Every structure is written in structure tokens, then in C-alpha cells.
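Generate the whole structure from the sequences, applying the supplied hints.
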Amino acid sequence: MPELPEVETVRRGLRQAMEGEVIERVEQRRADLRFPLPRGFAARLTGRRVIAITRRAKYLLADLDDSSVLIMHLGMSGSFAVTLPDDAPVADGFAPPRRVLHEHVVFHMSGGARIGYRDPRRFGIMDIASADAISAHRLLADLGPEPLGSSFSAGCLNRRLAGKRTSIKAALLDQRIVAGLGNIYVNEALFRARIAPARPAHSLVRRRGPGQELSHLARAVKSVLREAIDAGGSSLRDHARTDGSLGYFQHAFAVYDREHGRCVRVECGGIVRREVQSGRATFWCPRCQR
DNA sequence: AATCTATCCTGTTAGC
DNA sequence: TGCTAACAGGATAGAT
1 MPELPEVETV RRGLRQAMEG EVIERVEQRR ADLRFPLPRG FAARLTGRRV
51 IAITRRAKYL LADLDDSSVL IMHLGMSGSF AVTLPDDAPV ADGFAPPRRV
101 LHEHVVFHMS GGARIGYRDP RRFGIMDIAS ADAISAHRLL ADLGPEPLGS
151 SFSAGCLNRR LAGKRTSIKA ALLDQRIVAG LGNIYVNEAL FRARIAPARP
201 AHSLVRRRGP GQELSHLARA VKSVLREAID AGGSSLRDHA RTDGSLGYFQ
251 HAFAVYDREH GRCVRVECGG IVRREVQSGR ATFWCPRCQR
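In the working numbering, the protein residues as written are 1 to 290.
Check before you lean on any hint, since a few could be wrong.
[To be verified] Label pairs and their calculated CB-CB ranges: (1) D86 with R165: 38 to 48 Å; (2) H260 with A133: 28 to 38 Å; (3) P36 with R206: 39 to 49 Å; (4) H251 with M76: 13 to 23 Å.
Derived from the structure by calculation, the hints contain no laboratory data.
Bear in mind that the values here come from a model prediction, so they are computed numbers and not experimental data.
The beta carbon of each residue, even a glycine, is placed where N, CA and C say it ideally should be.
What follows is the structure, encoded as C-alpha cells:
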């Protein structure tokens, strides 16, 4: 589920509960998620103080006080739930704590927070790496620029899309070109930029530097991600903030999951279409996206 | 080299 | 109501 805005929302929640605190205990309830958890996973984290929770693309990174880094990816269905000591249910004796289904890892923090990682489909990832080699880690090494960073721009797209014969939609989903977009936000950004998803990527490239289309596109990517972060992400099925509250950017979708809907540009009058493009649902307004 | 396809896994939902 | 099939926000190994 989670794309960059959802991961960023989760990061902000984890900061509250983890930064500056010591991981006092780790419960590991299965040996693997998408990949096997590293050897000695719980032992290597126990007693470590969390210096910072950062994000690279859709990866969450917990910098620890021994120069190691806990790398976490939510895959399609991963979520974190933070329970603070104050949240403890009043002892009325009628609500025994029910074991959460598909909760695979639990961190118990020195401040009393309980942080449960739940991931029904188990496409998520956890790994521990050394801080000095973090950007060379196999999961992070090939990632393109952060779309909200200063290195991502129309000029950057102009260079990276040159000669790409694949569709602009597939290109934006490629984490090597720009890192953090997924299916929802690619659809939304292309709508904002009024670019048809099936356009060959190279057809947007201009020899002498980025043209209007890529300028619009770079701006659209940034604006849709910023607005989604401000809304706490999009809650379709799995995504919730770490306190359980829902994001609400799904109400702002212009095209995603709006097949047969009227184009939100009222003067357009087009009808949103859905088509499967390289195996993924694509939504767009054929009238204003060209 | 670039680009597609199938696949990991489970839960939800659309359709019969 | 109950069953089955299709589909889901990701990423990648392997085929072409």
C-alpha cells in the first residue's frame, strides 16, 4: 500500500515513540517477511538507543547508537501501531488484549511505547546494516532522487527519461528514475500535469533542456506528494497513522479509482477511464491528458 | 541494455 | 447467503 506520503506519515509517528529511546525488548514472531530477517535480529537491536528515524524513498531507517541502521520497508500491507502506556485500557476486566493477527515484530521502548509491525502479505522488509555503508546497501543503492528533494527537477527528468521507450507511467514507477512514487501518485501526478500515461517517456524529453511538459510534471509530482503528506497519506485498506487515525488524501483523488467519474476539471467534461497498463490499473482523463 | 511477465502472500470485494 | 475469481498501494528475478 504505502507510497512515499504514507511512509513519511509513518515516519513522523515512529519518531515520537522511538527517537531518543532505547529498544528494551524485541519480539520476533516469524523468521521471515519478504526475506529472512537477519541473524540475531532481536539481539542486535536490544539495548540500542534510536538516534533518528529517517526515510529514503519508501524505506524507513532507524539510526542506532552503535552505528548500525535498522532498515524497514512496508511492502504492500505493512503498518506500525504505536501504543503508549497512557493508552492502556482501563481495567474493567472485560477486554482481554486480543492478539493482533499478522503482527510479526514488536518493539518495546524504554519510554513505555509498544510498537507493533503488522504485515498480512509479508511483502515488507527488515534488515540491519552498517551506517557507513548505508547508501551502498543493495536495497538502497539503485534508488533515484528523492522527489521532494532539490535534486529532483524537470532537468533531472529530462536527463533520466532520455531514450526511454517505455511509457511515462512505467518510468515514474521505476524507483531508479525517481524514488518513492507508486501507482496512486503516478496516476495523480500525470493527471495534474495533463500528460497521458501511455506516452512514451522519451516523447517528453527536449534536447535543449526540459520543456513545459516535464516542468509541469516535476511540479505535479512535488505538489501531489506534499498535499498527500499534509493529509496524512491515503487510507484505502491498510494505511493508518501509527496512532490508528486515518489519512484522508483519498478524498482528493482526481482520477485514481474514479473510473467512469466526471473529470474534476469541470470545464473539461471528460470521463475518467481505467485501463491495465503493464499489469497495473491506470486511471486518466483522455480528454485533458495528452 | 531495456523492458516486460510472473511471482511472492493474504484479505477484500465484485459477480455469479 | 455463499462461493469463486479477480484484484490490491511493491519490488524483483528471470525471460525476451
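Against the structure, the hints:
1. D86 with R165: 38 to 48 Å: Roughly 56 Å apart at Cβ, these two residues miss the hinted range, so it is violated.
2. H260 with A133: 28 to 38 Å: violated, 50 Å
3. P36 with R206: 39 to 49 Å: With a Cβ separation near 46 Å, P36 and R206 satisfy 39 to 49 Å, so the hint holds.
4. H251 with M76: 13 to 23 Å: holds, 22 Å
Checked against the numbered hints above, the structure violates hints 1, 2; every other hint is satisfied.
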